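Q: What follows is each chain in one-letter form.
There are 2 protein chains.
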Amino acid sequence: MRSMKRDRSQRRAQRLESPLLKRPFRQPRNSMAPMEILSPEQLSRLHDASMQILEVTGIDFLDDEALAIWEKAGAKVDHKRRHVWIDRGLIMEAIAAAPPSFTWRARNPAHNILIGENAITFGPSGGMVYAANRDIGRRAGTMEDFENFVKLSQMCPDLHFASWEQVAPHDVPSSVRHLHRLRAGFILSDKAVMEAAHGRVITSDNLEMARIVFGDLEGAPVIGDVINANSPLIYDDRMLGGLISYARAGQVTFITPFILAGATGPVTMAGALAQQNAEVLAGVALTQLVRPGAPVVYGGFTTNVDMKSGSPAFGTPETAWALIAGAQLARHYRLPYRGSGSLTNAKIPDAQAAYETMWNLWPAVSAHTNLIMHAVGWLDGGLTASYEKFIIDAENLAMFAHFLEGFTVDDDTLALASIDQVGPGGHHFSTPHTRDRFQDAFYQTALADRLGYETWESAGGWDTAQRAHQIWTAWLDQFQPPPLDTGVQEALNDYVARRERQLEGINLYD
Amino acid sequence: MRSMKRDRSQRRAQRLESPLLKRPFRQPRNSMAPMEILSPEQLSRLHDASMQILEVTGIDFLDDEALAIWEKAGAKVDHKRRHVWIDRGLIMEAIAAAPPSFTWRARNPAHNILIGENAITFGPSGGMVYAANRDIGRRAGTMEDFENFVKLSQMCPDLHFASWEQVAPHDVPSSVRHLHRLRAGFILSDKAVMEAAHGRVITSDNLEMARIVFGDLEGAPVIGDVINANSPLIYDDRMLGGLISYARAGQVTFITPFILAGATGPVTMAGALAQQNAEVLAGVALTQLVRPGAPVVYGGFTTNVDMKSGSPAFGTPETAWALIAGAQLARHYRLPYRGSGSLTNAKIPDAQAAYETMWNLWPAVSAHTNLIMHAVGWLDGGLTASYEKFIIDAENLAMFAHFLEGFTVDDDTLALASIDQVGPGGHHFSTPHTRDRFQDAFYQTALADRLGYETWESAGGWDTAQRAHQIWTAWLDQFQPPPLDTGVQEALNDYVARRERQLEGINLYD
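Sequences listed follow chains F and B, in order. The first sequence begins at 60 in our numbering and counts up by one. The second sequence begins at 60 in our numbering and counts up by one.
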């Protein structure tokens, strides 16, 4: 790993003209028709197949409270096997209570976001073990890495969330990591937060800390997290504890099985999607049995196994199929849809990392994915959070936001008088029509090299990752935490200190 | 530039398992609805604006024969200014004669392709000055480079053309380069060919050489090339000579203005597209006045100028807008549509090169672009043909072809019995349903790294470009020219030899 000479004046220049940071916080809308891959008949067959899975095969719910809820709702429950068979009437009635869209509140109301309709939100990555950049190489994540990613997420206008389980802070004991992460999320950012739905103890802490910041949690939700099915056909006690306590508090769950076609689901995409749909709908229904109207999102994370290595393959044509079909299924049930953005198997932010990311982002955006998680910084199948890839992906999110704004067709933009005046062989560079609009006419890249070859070469012949390194270091240099009431900050500190003492030596991840 | 140790046994292994080469030659169809960005009203306004440009502002046609054709058709012609005003009735009547789709014949009929409908074809890059790879660095292109790119194009099943002006062979005099390129294209490949429409002399040679290979050229076309407008609003004599002689012979032209918003067209996308549409339709109409029914393609190559450097910016959100809107305009006129694939400003095949390419390929494929030129190997704004990027892009073309095949939803693929048998917590890896389908279940990557981190690192920690280098060298090692009748080959050699003597010292590019 080369270490980079940091030239202060160069970085100051970068700072003054960082086009990404000048962008407004805004939620893109996709006003084009959603990309669709399933015919109505195919969609109907997938629906029927998933109903049959729930009715005939059933699902394990490894949690007594969940089993009791299902029994009370009228499902057939085998308590010994911890297994539930769910009739399609029950499923469809339960999920009908879920809101088709909802507002997710941030502590700064200007950063509130809409989840649903044709709105698109980009969220950071979660679950990474390692942090990597050109200075440190790859290392087990630390609290400093976590905070850095929250800072970069707060600064990036095209990211709509700042705090999630972006990288594990290995220098903090595992049972109190959620406390430290969420406190950092609230202090370093005023965007919407997510935090682990890992069982009842952790979610109870998360809800308490959210109350310190927001007061009463009733009304639009303020916190949430992914609920993974343990595919095939299992919800475990940790996830169910998280699902029940978030749903009961009216907070957000995005129900997301990890179906790996050929491993945790059938090798055929139709079967994998039928199983995904069965698992998602069972989880969504449970949230509505806990609390009708609780905000919940249909999550898809289906891809294929790599046939040579047996490991998950990301950014494949199969990933794209599953993303698009999943969006159609979610629309069919009038549920917001969650997909993913920057998934890749690449170990470094190179060409493979970039094109595999686009094999997620393009279909996700085109299919009207409402909540695109892992939108920045993934590497190595989700093991590594890359600082440089964060910037590369952030540039692409900004490009998508600009792309989705579209362009105006009117007398002014058709510019017929100017075209006539310039005439054959003329030049539009210096016309009044161009001069008046030049500053904001186009997407302004922060990262792309558009120099002549010799200029690029004599400036060091940098690749994209080297430029990205320069950008994130400049961003961190100028980070300013958003204002937060001192009393709130002290209350958060007190809560964390108290719970640290109480949780000392307890392993919440047994 | 590092030179690579070529390990023969490693390359032999690569050869045995090169999944890209095992793919069938097949034309993808996009059976999804085309991505659309223009409302019907916006499309109608763009049409009206372009008609007004042709009627009020008019276009220069810098060729006497072209002016005579326009005059005879009833357009208003100013011979002194070499300027033409075209009434919308004349334009629309002329373009109505153009075929909505046509077959482009290859010398191997199994490689014939359909241009139009929802069929997608991928073509190689054209117009490059330099060739670059990890062995040679970047150098002015040679005949060997040209031949190598034809060989790679012939071998790549997802490329539907093999020969175009892929890289300038600087070791061949410029006036006879077309002869050497086209001979190499016919000898080294049995796929469809393109060759320069650069004036009457060169196209006449190209047609003669095509007759040697195909005999009579009547019927479906066998050769063609891009016709660039010299934007704004000029067709020069070289392009018009090429247009007229290809159209008269019933061969293909793809009429493609290079509109650079803010330079060769208005800074606003609506104005740039109105100008593009006016220029394209004037060119298409001329082909139909020359020969009604001549195969012709609506070409779009509109993007924006980079505001800092003043140079063309490729792979931008604006590029994507123009690609999608251009496809809608072409559909409106029932013309096949040509866009581009691998455009980028990056100097090396890194992350920027990959993501900018995807900012062309995704919208191009989604919008039903029938003819995607420059689909492999572009670098540096089209100056450089990269061997490594050729392979990276070829992998993505294969991924698109697989993606567009879609997946089946039926009893067999829904796999309900297998899902039931595996049950909660089981594994699909070893089921009969998986075992029976595993070999061909998924897209097989040739290039992507899906190893574990330590395995990847201990194998050298290669990036995508290093792996791509290994692949193209292995491909070239095993290239076999497709069979060609000895008499045809001799006739081509004789023709080239005779014309070389005749063209010696003549500069066709004055």
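Among the hints, a few may not be true.
For identical chains, the list gives no copy identity; a pair is met inside one copy or between any two copies.
Listed next, the in silico SDA-like pairs over lysine to any residue satisfying Cα-Cα at most 20 Å (straight line) [said to hold, decoys possible]:
no., residue 1, residue 2
1, Lys367, Arg82
2, Lys367, Ala505
3, Lys131, Gly352
4, Lys131, His229
5, Lys210, Pro78
None of these hints come from the bench; they were simulated from the model. These numbers come from a predicted model, not from an experiment.
Q: Check the structure against each numbered hint from earlier and tell me which ones fail, lowest number first.
A: 4
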